[in-house]
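Student: Listed below are the residues making up each chain.
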Amino acid sequence: MAILVVAEHDQHKLRPATLCVVTAAMRIGGEITLLVAGKDCSAVAQAAARVPGVKRVLHADAPHYEHGLAEDLAPLIVRAAASMTHVLAPATTFGKNVLPRVAALLDVAQISDVMRVESADTFVRPIYAGNALATVQSSDAIKVLTVRATGFDAAPDAGGNAAVEALEAAPPSGLSTFERQELTKSERPELTAAKIIVSGGRGVGSAENFKIIDALADRLGAAVGASRAAVDAGFVPNDYQVGQTGKIVAPDLYIAIGISGAIQHLAGMKDSKVIVAINKDPEAPIFEVADYGLVADLFQAVPELTAALDKPA
Amino acid sequence: MKILVPIKRVVDANVRVRVKSDRTGVELANIKMAMNPFCEIAVEEAIRLQEAGAAKEIVAVSVGGPQCQDILRTALAMGADRAILVETDGETQPLGVAKALQTIAAREKPDLIILGKQAIDDDNNQTGQMLAALLGWAQGTFASKVERAEGGLRVTREVDGGLETLMLKLPAVVTTDLRLNEPRYVKLPNIMKARKKPLEVLKAADLGVDLTPRLKVLKVDEPAARVGGIKVESVPDLVHRLRNEKKVI
Ligand SMILES: Cc1cc2nc3c(=O)[nH]c(=O)nc-3n(C[C@H](O)[C@H](O)[C@H](O)COP(=O)(O)OP(=O)(O)OC[C@H]3O[C@@H](n4cnc5c(N)ncnc54)[C@H](O)[C@@H]3O)c2cc1C
Ligand SMILES: Nc1ncnc2c1ncn2[C@@H]1O[C@H](COP(=O)(O)O)[C@@H](O)[C@H]1O
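Just so you know, the sequences run in chain order A and B. If you read the first sequence in this note's numbering, its first letter stands for residue 82, the second for the next number, and so on. If you read the second sequence in this note's numbering, its first letter stands for residue 121, the second for the next number, and so on.
For the record, the hints were derived by calculation from the structure and aren't laboratory data. For each residue, glycine too, the CB sits at the ideal point set by N, CA and C. A portion of the hints provided could be inaccurate.
To be verified - Taking lysine to any residue and the SDA-like style, the derived pairs with C-alpha atoms no more than 20 Å apart in a straight line are:
{"no.": "1", "chain 1": "B", "residue 1": "LYS265", "chain 2": "B", "residue 2": "ARG361"}
{"no.": "2", "chain 1": "B", "residue 1": "LYS351", "chain 2": "A", "residue 2": "PRO363"}
{"no.": "3", "chain 1": "A", "residue 1": "LYS361", "chain 2": "B", "residue 2": "LYS366"}
{"no.": "4", "chain 1": "A", "residue 1": "LYS361", "chain 2": "B", "residue 2": "LYS265"}
{"no.": "5", "chain 1": "B", "residue 1": "LYS351", "chain 2": "A", "residue 2": "PRO366"}
{"no.": "6", "chain 1": "A", "residue 1": "LYS354", "chain 2": "B", "residue 2": "ARG361"}
{"no.": "7", "chain 1": "A", "residue 1": "LYS354", "chain 2": "B", "residue 2": "GLY173"}
{"no.": "8", "chain 1": "A", "residue 1": "LYS354", "chain 2": "B", "residue 2": "ILE369"}
{"no.": "9", "chain 1": "A", "residue 1": "LYS392", "chain 2": "B", "residue 2": "GLU342"}
{"no.": "10", "chain 1": "B", "residue 1": "LYS366", "chain 2": "A", "residue 2": "ALA331"}
{"no.": "11", "chain 1": "B", "residue 1": "LYS351", "chain 2": "A", "residue 2": "ASP234"}
{"no.": "12", "chain 1": "A", "residue 1": "LYS354", "chain 2": "B", "residue 2": "GLU342"}
{"no.": "13", "chain 1": "A", "residue 1": "LYS276", "chain 2": "B", "residue 2": "VAL135"}
What the hints assert, rightly or not - Anything over 10 Å on all C-beta distances counts as not near chain A; from chain B, calculated:
{"no.": "14", "residue": "ARG136"}
{"no.": "15", "residue": "MET153"}
{"no.": "16", "residue": "ALA174"}
{"no.": "17", "residue": "GLY185"}
{"no.": "18", "residue": "PRO214"}
{"no.": "19", "residue": "ALA226"}
{"no.": "20", "residue": "ARG227"}
{"no.": "21", "residue": "LYS229"}
{"no.": "22", "residue": "SER264"}
{"no.": "23", "residue": "ARG277"}
{"no.": "24", "residue": "ASP280"}
{"no.": "25", "residue": "LYS289"}
{"no.": "26", "residue": "ASP297"}
{"no.": "27", "residue": "LYS316"}
{"no.": "28", "residue": "LEU319"}
{"no.": "29", "residue": "VAL321"}
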């Protein structure tokens, strides 16, 4: 087995999801090659070489790889995939954007959101917002997979010593160009890597009111998430959305506040270790998945909770 | 500009599906079906581009069984001009659908193809990207804003870190995210009008597209259910349990 893992990074550091994909690759078993494509990203290639279990790092450096454009990356990945049995990338917006393009160019299917590896050709993935789990088998020569990070522990980021090889860049496609990005700036942990997440829903009522969610999150060192309704209403930016069509999270503690618990929201958080729900409606479906439910008005309960955490146990 | 909008018929978003007892799939008998919500957003976006004068013709297309005519009629009632059904009895998977759509694109020669980012039944999120690859076109996935601009199409995308804006050369493929627009309700007179709009049925076999599934579903299981929790009485009670029972804070 020869497995190519497409690394996701920001030109400086590997994104944590990449390390979960390496673990998935180890489950498949075989020789693991990490592909690092970017602009002036040799620090990332070096970091990739230190991941235990990685045999080889392919480093492609060119200006047009800076923004992860699928039209430019796909031909490069296809070239690197020629001698591989598997191509893996994280099921993030980066991986979801580029990997189906790779699969089509290779004339093979893609298996999306793999959460368990049964064997080298058989994988488990969620369908219908996680209300069913399908075990699927691929007969394609090259298996192309996006990997759901919450299904696999992160591989260690030190201890390995892989060889780094330069990979020649392919010419720019000229099909698309990057213009700008507006990234949400936050001192808080990244949503998909956080140990604790405090999420607010429509019940929070406004962007202004979200301050009480922020205050609780800061007290816990938590990330802040949201339901689709809270994002649509403009309380918080789009990248806060947890759910079937947003981010998939599985922290040690997930606190859902003013969120009813629609199946699409549950799809993104029901694998959290401990779930707390605060909602004034005792019938809200979120209570069906919550380990601890508190039926209360959030405007009283949340500040009270934040204050209570300051008191010694 | 001519716009092609591929749409999929799926289980209605409000239905809670059940896994069949023989574990071959989910129960679909007598279940409410509808146009995939992301496809509704795609149809709506095409209509808005047409209303803004940026598009001339909108063609909706679906690959699937004869029942898909119902969602094609819905797209026509929303405002699409024509519809095409690529009829097949078998299961459809993204690569096969992308190939069928490639064939339709070769016939129709659209300047823009707008798809949903994801069908909410199989949650694949692949077809648009695959189609862009097969056609060798630019792709703007997970779009929350689409504007006609000098030299192409400006697309703002919802990415994990926030928003990203790309310029795409035309022809291009765009896939829709939730916040691109809010689809209109279909009015009764428009449903009547839609009955007279052209809906062409083509057999997949006649088009020579290979729809053979590449992935075999060995079984479908119910996910492990969470064991029911408890209601706590008060905030101090909650804090006590999180600290001492679960030790998560
Ligand atoms: C195709 C599609 C994809 C979707 N994807 C996602 C997704 O990825 N993520 C997602 O979250 N949703 C998604 N949704 C939307 C989902 O169906 C729900 O509409 C959404 O999750 C509801 O958000 P909410 O719980 O915040 O709002 P609501 O359902 O309106 O619930 C608000 C809750 O707040 C409570 N509340 C109100 N005031 C107070 C108060 N003062 N104190 C305490 N509680 C209070 C209410 O009792 C209620 O339970 C999707 C929908 C579709 C159709
Ligand atoms: N059978 C189909 N017929 C027409 N369009 C489809 C079909 N399957 C998928 N699509 C399109 O591709 C999008 C993404 O679907 P998927 O890749 O299956 O998640 C959908 O929102 C549709 O726009």
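Student: Next step is simple, just say for each hint if it's right about the structure.
Tutor: How the hints compare with the structure:
Using a Cα cut-off of 20 Å, the hinted pair B:LYS265 and B:ARG361 is violated, with the two alpha carbons roughly 45 Å apart. A hinted pair counts as satisfied when its Cα atoms are at most 20 Å apart, and B:LYS351 with A:PRO363 qualifies at roughly 9 Å. Annotation: proposed proximity of A:LYS361 to B:LYS366 is violated, straight-line Cα distance about 24 Å (limit 20 Å). A hinted pair counts as satisfied when its Cα atoms are at most 20 Å apart, and A:LYS361 with B:LYS265 does not qualify at roughly 35 Å.
This hinted pair checks out: B:LYS351 and A:PRO366 have alpha carbons roughly 13 Å apart, not beyond 20 Å. Restraint check for A:LYS354 and B:ARG361: satisfied, since their Cα atoms lie roughly 14 Å apart, inside the 20 Å limit. For the hint pairing A:LYS354 with B:GLY173, the CA-to-CA distance comes to about 51 Å; that exceeds 20 Å, so the pair is violated. With a C-alpha separation of about 13 Å, the suggested pairing of A:LYS354 with B:ILE369 holds against the 20 Å cut-off.
About 42 Å separates the Cα atoms of A:LYS392 and B:GLU342, which puts this hinted pair outside 20 Å; it is violated. For the suggested pair B:LYS366 and A:ALA331, the alpha carbons sit about 16 Å apart, so the restraint of at most 20 Å is met. A distance of roughly 31 Å separates the Cα atoms of B:LYS351 and A:ASP234; the hinted pair therefore is violated under the 20 Å criterion. A C-alpha spacing of about 19 Å is found between A:LYS354 and B:GLU342, which places the hinted pair at or below 20 Å, so the restraint holds.
Of the supplied pair hints, the one linking A:LYS276 and B:VAL135 is violated, its CA atoms being roughly 32 Å apart against a limit of 20 Å. The claim that B:ARG136 lies off the interface is violated: its Cβ sits roughly 6 Å from the closest Cβ of chain A, which falls inside the 10 Å cut-off. At roughly 13 Å, the least C-beta separation between B:MET153 and chain A is larger than 10 Å, which holds for a residue marked as non-interface. For B:ALA174, the requirement that its beta carbon stay farther than 10 Å from each beta carbon of chain A is met, with the minimum near 19 Å.
Every CB of chain A is more than 10 Å from the CB of B:GLY185 (nearest about 19 Å), matching its label as outside the interface. At the 10 Å boundary, the C-beta of B:PRO214 falls inside the reach of chain A, the nearest C-beta of that chain being 7 Å off. Here B:ALA226 stays apart from chain A, with its beta-carbon at least about 16 Å from theirs, past the 10 Å limit. Residue-level check passed: B:ARG227 sits 20 Å from the nearest beta carbon of chain A, beyond 10 Å.
The beta carbon of B:LYS229 sits about 18 Å from the closest Cβ of chain A, which is more than 10 Å, so the claim that it is off the interface holds. Distance check for B:SER264 against chain A: the nearest CB is about 7 Å away, which does not clear 10 Å, and the non-interface claim fails. For B:ARG277, the non-interface assignment is contradicted: its Cβ lies about 8 Å from the closest Cβ of chain A, within the 10 Å cut-off. Remark: the non-interface label on B:ASP280 conflicts with the geometry, its nearest Cβ contact in chain A lying 5 Å away (cut-off 10 Å).
With 10 Å as the threshold on Cβ separation, the claim that B:LYS289 sits away from chain A is violated: the shortest Cβ distance comes to roughly 5 Å. A beta-carbon of chain A is positioned within 10 Å of the beta-carbon of B:ASP297; the least distance is around 8 Å. Distance check on B:LYS316: its Cβ is at least 35 Å (rounded) from any Cβ of chain A, clearing the 10 Å threshold; non-interface status holds. With a closest Cβ-Cβ approach of about 28 Å to chain A, B:LEU319 is found to remain outside the 10 Å limit, as its non-interface label requires.
Every CB of chain A is more than 10 Å from the CB of B:VAL321 (nearest about 26 Å), matching its label as outside the interface.
Consistency with the previously given hints fails for numbers 1, 3, 4, 7, 9, 11, 13, 14, 18, 22, 23, 24, 25 and 26, ordered from lowest to highest.
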